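Visitor: One-letter residues, chain by chain:
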Amino acid sequence: MPDAAHEDSVQLIGRMARGSRDAFGRFYDRYAALVNGIAIRMLGNRADAEELVQEVFLQLWRKSTQYRRERGSPDAWVVTVTRTRGIDRLRARRRRKDGAAAGDEIVAGASAPGANGLADRVDARLTVEGVLGVIPPEQRKALELAYFGGLTQTEIAEKLAIPLGTVKTRMRLGLRRLRELLGAAAGEGAA
Amino acid sequence: MSHAPWTDRAEIYAIGALDGADLAAFESHLEAGCRICEGVLATTREEITLLTVDVPPVPPADAVKMRLLSAIGRPENRPLPPPKAKSLAKAIAQRAAPKAAKPDERPAAKAPAVDGETVPAKPDAKPAVKPISDEELRLAPKAPSPAPAPPPTRPAAPPVVVATPPPPSRAGWIVAAASILVAAGLLVGLVLKMGEVDEAKAELGRVRTALAGDRDAAQAELARAERDLAELLEEGESVRSRLTAAEAARDDARDRVEELEELESLIQNPGVEVVRLDGDDERNPDAVAFLFYDRSAGRGLLLAHGLKQVGPAQVYTLWAMANAEPKPIDFAGAFRPNAKGTATLLLPALAADAVYHQFAVNVEPTGAPPPKPSNLDLHLFGQI
Chain U
7 MPDAAHEDSV
17 QLIGRMARGS
27 RDAFGRFYDR
37 YAALVNGIAI
47 RMLGNRADAE
57 ELVQEVFLQL
67 WRKSTQYRRE
77 RGSPDAWVVT
87 VTRTRGIDRL
97 RARRRRKDGA
107 AAGDEIVAGA
117 SAPGANGLAD
127 RVDARLTVEG
137 VLGVIPPEQR
147 KALELAYFGG
157 LTQTEIAEKL
167 AIPLGTVKTR
177 MRLGLRRLRE
187 LLGAAAGEGA
197 A
Chain L
1017 MSHAPWTDRA
1027 EIYAIGALDG
1037 ADLAAFESHL
1047 EAGCRICEGV
1057 LATTREEITL
1067 LTVDVPPVPP
1077 ADAVKMRLLS
1087 AIGRPENRPL
1097 PPPKAKSLAK
1107 AIAQRAAPKA
1117 AKPDERPAAK
1127 APAVDGETVP
1137 AKPDAKPAVK
1147 PISDEELRLA
1157 PKAPSPAPAP
1167 PPTRPAAPPV
1177 VVATPPPPSR
1187 AGWIVAAASI
1197 LVAAGLLVGL
1207 VLKMGEVDEA
1217 KAELGRVRTA
1227 LAGDRDAAQA
1237 ELARAERDLA
1247 ELLEEGESVR
1257 SRLTAAEAAR
1267 DDARDRVEEL
1277 EELESLIQNP
1287 GVEVVRLDGD
1297 DERNPDAVAF
1307 LFYDRSAGRG
1317 LLLAHGLKQV
1327 GPAQVYTLWA
1337 MANAEPKPID
1347 FAGAFRPNAK
1357 GTATLLLPAL
1367 AADAVYHQFA
1377 VNVEPTGAPP
1387 PKPSNLDLHL
1397 FGQI
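As they're listed, the protein sequences go chains U and L. Per the numbering used here, the first sequence starts with residue 7, numbered consecutively. Per the numbering used here, the second sequence starts with residue 1017, numbered consecutively.
Just chain U, with the same shape it has in the complex:
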């Protein structure tokens, strides 16, 4: 069931779609640190990350009319747009330079408690220990290279020098573990 913060975000998006700058300001305040954190993790430096933050929020503003709550939560919408724009930048950067080391910098981020609506939905213990910490390292690596590094399955196979089938299996198992975590968190939240 959507929580109050989720509902509030949906309403802010609705007001943004009607041209409310005030709603945009509040939406920005709610998500900017998360978007910037993801951007830094993906791009590796603050200057590029802040450019990405601007690009992302401008797109969220312009496409606020196209948001449909039945297609996903505001959190997922914001994060998906951030990743998509971030991956565009990473791939452009890789086109300019052979990205042999691409992706290395993005897995080095320190784990810390998240401060977004999603974090509130998972068990506090998991958040403190790092949610990704409970996923086996090889699965986590494959997921992070795709998620934050923007690498495709073939690129991950080349980078890790493992067969493509192994990459697919690791990613699927990692996603399954995430699903279990979410299920457990939802169960505890309901209990």
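Bear in mind the hints are in silico, worked out from the structure with no lab data behind them. Hints may be right or wrong, so weigh each one.
What the hints assert, rightly or not - Derived coverage of chain U by chain L (criterion: at least 3 residues anywhere in the stretch with Cβ under 8 Å from a Cβ of chain L; other residues may be distant):
no.	stretch
1	42-55
2	58-71
3	147-156
4	178-186
Bear in mind the structure is a predicted one, so any value in this text is a computation, not a measurement. Positions of the beta carbon are idealized from the N, C-alpha and C atoms, including for glycine.
For this one, chain U is given, so just place chain L on it according to the hints.
Guide: Then chain L, alone, in the frame of chain U:
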């Protein structure tokens, strides 16, 4: 056939990692309208958001918000129209609403709303007016008219619902005469209302003309904006390509410096051996490579040029071999030539003091190197 292969692909697609034939097949499948996969996509996108929980939140600089608030105020950054276009008739009715409601005021593009936001006209905005029919004009309660109408000739408040003659009755002449007078009054009222219909029609015509003018102006503005955008894009593309070229040149130069430094370091070592590898006359006739090999440290640097290009899923693979029995064949690195057919390979740590005498290059598929060469189609060969 089981649907599981598709849902597996949907999960990897959601994380953005699907590529190649898998991607093409899945996108075709999705375009065919698979509701199951759409559901898997939506669910997986939610689930992978959990990956961001560990990301430390970092507030951007205040200037970012200021720049954004300024940017969203610009006309070109207005929120896009919703995906489904409104009907033309509805749009016209909305555009006409302010004029029809208050003809003596200029129509405002945006109406002020709570907390200072501006709200574009929307379908449910009161007092939006739908296209007015003659019948509605006849029966509608009277609104203040912009046209001058001398008050003395205007009926006070004609009962518009009494447009039928009074029913026959046995009333006396007085009553009949009164009825005739009332009917006459109504007739005058109706004639006057017909005048208002004409007036309203004329107003509607004016609104339509104004709308057509607005539309033409907007189309001209759109054409100008598209032209400006095309010019800017062209200019940006040129700058971007120069930047890309400059960065590529810098990276090449940096790589070259690193190679030369490594080479210098190897050459200065008195124990380094230089092995020349010649291209196979048929498979790679122009190729030649030099291997600077420091046997004692197990280090080496291969510089090759004149190489043919290999397929996207292939790499050149260097193998080190010894004369001793049983003859060991060890993987010594993989490389791909650049566009000019040159390649540099810093050998991974080979066994120190190993007695390698021969070096050969073949072509293998990308990915994990096989323990032994999968083929003996040599492209380069050399020996000490």
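Visitor: Does each hint hold? Answer for all of them.
Guide: Structure-based check of each hint:
no.: 1; hint: 42-55; result: holds (count 7)
no.: 2; hint: 58-71; result: holds (count 9)
no.: 3; hint: 147-156; result: holds (count 6)
no.: 4; hint: 178-186; result: holds (count 4)
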